[in-house]
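Peer 1: In case you want the letters, here they are:
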Amino acid sequence: MKRMQPRQNNLGPRGWVWAGRYQMERYLYVLHRVTGLGLLLFGVIHLIMTTFFRIGDEDMWESTISVLHNPVLKVGAYLVAAGFVFHALNGLRLILQEFGFALGRPSPPVYPYKDALRKRRPWTVGMIGVIVALSAVLLYDFVSGGW
Amino acid sequence: MTDSGTKERRFRIQRYDPEKGGTVRVDEFVVPTRRGMTVLDGLLYIKENLDSTLAFRTSCRMAICGSCGVLVNDYPHLACHTQIEEFRSDVISVKPLPNLPVIKDLVVDLTPMFEKHKAIMPYIVRGDVEEMESPTREFGQTPEELSEYLQFAYCMKCGICIAACPTSASDVLFLGPQALAQCYRYCADSRDEGHRERLRLVDNDHGAWRCHLAAACSEACPKGLDPALAIQLLKRHLALEALGLSKKQRPAAVISPPTETKPKLPWPEFTVRVKR
Amino acid sequence: MRATRFHLLHIVTAVLIAVFLGIHMVRQHLDALLYDSEDPSSWASMIDRASSGLWAALYIALLAVALYHALYGLRGIILEVVPSPRANRIVTWSLIVVGLAAFGWGTYVPVHLLGS
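Protein chains in written order, with numbering that gives the first Met the number 0: chain A, 0 to 146; chain B, 0 to 275; chain C, 0 to 115.
No lab work stands behind these hints, which were simulated from the structure alone. All the pointers check out, no bait thrown in.
A few chain C residues that face chain A, going by a derived Cβ cut-off under 10 Å, partial list only: (1) I10; (2) Y58; (3) E79; (4) A101.
Straight-line distance between alpha carbons at most 25 Å, and here's what the computed SDA-like set of lysine to any residue pairs gives: (5) A/K118 <-> B/M155; (6) B/K261 <-> B/T135; (7) A/K118 <-> B/P142; (8) B/K247 <-> B/V124; (9) A/K118 <-> B/H80; (10) A/K113 <-> B/S146.
Glycine is no exception: its CB is placed at the ideal position from the N, C-alpha and C atoms.
Taking the hints into account, I'd like the entire structure generated from these sequences.
Peer 2: Put into structure tokens, the structure is as follows:
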């Protein structure tokens, strides 16, 4: 009998975003990626702005700055700021946890199982609280004008 | 007619038969379920009474062999260890574990997982090759040294962590949480002297650093192994090794079996005396 | 241990970005706190900073760490989607070329303005 090839069943990149009802730490990872890519995009635009449009004369610079007064770009600026706050604070959590410093020691599993990251859930929630608070402060600053 | 306590629930099972066309479809079966029935009981009922062509793996039916990993209502479970009533739903959807190739119906090909597991040298490696190959004495290990890796030794290679891992979802070359956790289990074992070799096996572009701490593996693991913790501790070992700061780990010493035996106990006094 | 060293550099640059970007943000957006009467995005303020070697050094340093951190992260994401040794070579070398080009250009501008 001809040997059949098993069917590939990988979720692919869609599996990064949704693979079932998992807990929040998985979605923090997705958000870290999304904010990272968003910041990369902003970085490219900012680099172009501060080099190509900077070495010209004052008029070229002023016209570039005037483009930034567009409300869509202003909202984009807020998203960049909030994204940076998330990426930085979550990154700090990752640095601490990725080397096992903030995760505790291995312990024999006792049912119902609680793994190291779930045990550290209060800290993660605290971090999210700080992120939300800072984003709210930035939002207040944004809404009250001046950006 | 259903007697009291029995409720009819619908099992929606993803089918795939390469010998009969190879289309992926969902079959629905009505199964009488009672409190205390596991998903495996439901699958066995279907196979025995409704459709004997349903293919799935099962062996110990007590969550120790790792055969029956399936995706139940979009979350990986061991079928034998999962109560039907815990879903609080009349529809139980059963699919094969993702991120592993499917052979038929709910049977997945675990070969990629075993190949990656073999690749990280999952055995004790000693400098003294002769002692390792033909041991004459035993290795001494204190309970503290045992507790460093014992949690990760409970792995039964069920593949559920790989099904949960987002990196395994897209990267077929990624070693996976199972192999990486077992790599740490052997590196942390005080009896082992091969951690330098083993660390170099995971120090590549599809090794330990492609783990991003989503920790879905630990969440889904049916044995409470916490592969995420093992991988992060492995990263610490990797970082220390790369910086040249790794402590010279003294491997567990060989201990001769005790030659002196305990003195023989005296014969006990007879408590019943027969009067002749 | 090469992959580990690149990843450790990713983490070191993360911390350095936080430091340099923090200074940049304070200068650009918290100017009210610095009692600076000049708008930091105005032409005059930028001319002022362009003649300062210290600011040029800061911008070049920030560009270097940000480029490394961002491109290493991007490389990780791309390699997870197309995992093959050939893709690895193509992606890594393309990103190195892009990174060096961006760094060269991004360094040339403040140095050129410093001289002028």
